[in-house]
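A.B. asks: My numbering numbers the first residue of the sequence shown as 2 and each following residue consecutively.
Derived from the structure by calculation, the hints contain no laboratory data. For every residue, glycine included, the Cβ atom is placed at its ideal position computed from N, Cα and C. Treat the hints with care, as some may be off.
Said to hold, decoys possible - Taking CB as the label site, the calculated pair distances span:
#1 130 / 55: 13 to 23 Å
#2 21 / 195: 26 to 36 Å
#3 172 / 43: 14 to 24 Å
#4 157 / 65: 21 to 31 Å
#5 115 / 201: 49 to 59 Å
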Amino acid sequence: MNRPMCVSQVPIFAELNNEQLKEVFNTVNHRKFNAGDYLYMAEDMKNTLYVVHSGEVRVYRLNDEGDEQLLRILRNGDFTGEYALFGSTGKYANYAEVTKDASICTIQKEDIQDLINSYPKIGLKIIESFAERLNASEAQTTGAAILSARDRLIDYIDKEKNNDIIELSMTKKTLASLLSMQPETLNRIFSKLESEGVLEKLTHKKYRVL
Numbered sequence: 002m003n004r005p006m007c008v009s010q011v012p013i014f015a016e017l018n019n020e021q022l023k024e025v026f027n028t029v030n031h032r033k034f035n036a037g038d039y040l041y042m043a044e045d046m047k048n049t050l051y052v053v054h055s056g057e058v059r060v061y062r063l064n065d066e067g068d069e070q071l072l073r074i075l076r077n078g079d080f081t082g083e084y085a086l087f088g089s090t091g092k093y094a095n096y097a098e099v100t101k102d103a104s105i106c107t108i109q110k111e112d113i114q115d116l117i118n119s120y121p122k123i124g125l126k127i128i129e130s131f132a133e134r135l136n137a138s139e140a141q142t143t144g145a146a147i148l149s150a151r152d153r154l155i156d157y158i159d160k161e162k163n164n165d166i167i168e169l170s171m172t173k174k175t176l177a178s179l180l181s182m183q184p185e186t187l188n189r190i191f192s193k194l195e196s197e198g199v200l201e202k203l204t205h206k207k208y209r210v211l
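Hey, can you work out the whole structure from these sequences and the hints?
C.D. replies: Structural data, given as structure tokens:
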């Protein structure tokens, strides 16, 4: 893995020129993580921005009953830990678990804050990311509150299908967590949609929307 590839693929650095990117490169460290490792856990100190160069990471939280609620899946070019970059030192409330062996670029809080001071566009991009994630989180929470489990799955399929084909990019257990339902419920809804002629199962992860 090289630093230009790691940094230049990240949206928050997209508008920097080559000279400016070199400054970012000098702040980056690279680490390898195995599936099952954690980038951070709840109660860890927030002081690092993590950029996924390859592999996969899931970010989730635990509710009061100890059940997992999936927040998002991170892949090539995605990042997490941005909340560590602003305000006073605090602790994470969520977990970031590596689900596929990953190469991760890390930038420390002090370094990214210096870059933001030098290049305000980076800060604006991070704020845009905040807004997008807050909107997505609000939509996810609202959907869980007012939509039935069936409607949540149909809404997900409508958003993710491509030419009437939906190919799941995650396990059904993970998808169930993302949609705030039990895996058994998700499987029943898939079966029901098949029997109703709404979906045609092509493989264990691929369906045609009829």
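A.B. asks: For each hint, tell me whether it holds in the structure or not.
C.D. replies: We went through each hint and held it up to the structure:
Checked against the hint of 13 to 23 Å, the C-beta distance between residue 130 and residue 55 comes to roughly 20 Å, which is consistent with it. Range check, residue 21 to residue 195: Cβ separation about 52 Å, and the 26 to 36 Å hint is violated. About 23 Å separates the C-beta atoms of residue 172 and residue 43, a value consistent with the hinted range of 14 to 24 Å. The given range of 21 to 31 Å is respected by residue 157 and residue 65, whose C-beta atoms sit roughly 25 Å from each other.
Under the hint 49 to 59 Å, the C-beta atoms of residue 115 and residue 201, about 54 Å apart, fit the expected range.
Of the numbered hints stated above, the single one contradicted by the structure is hint 2.
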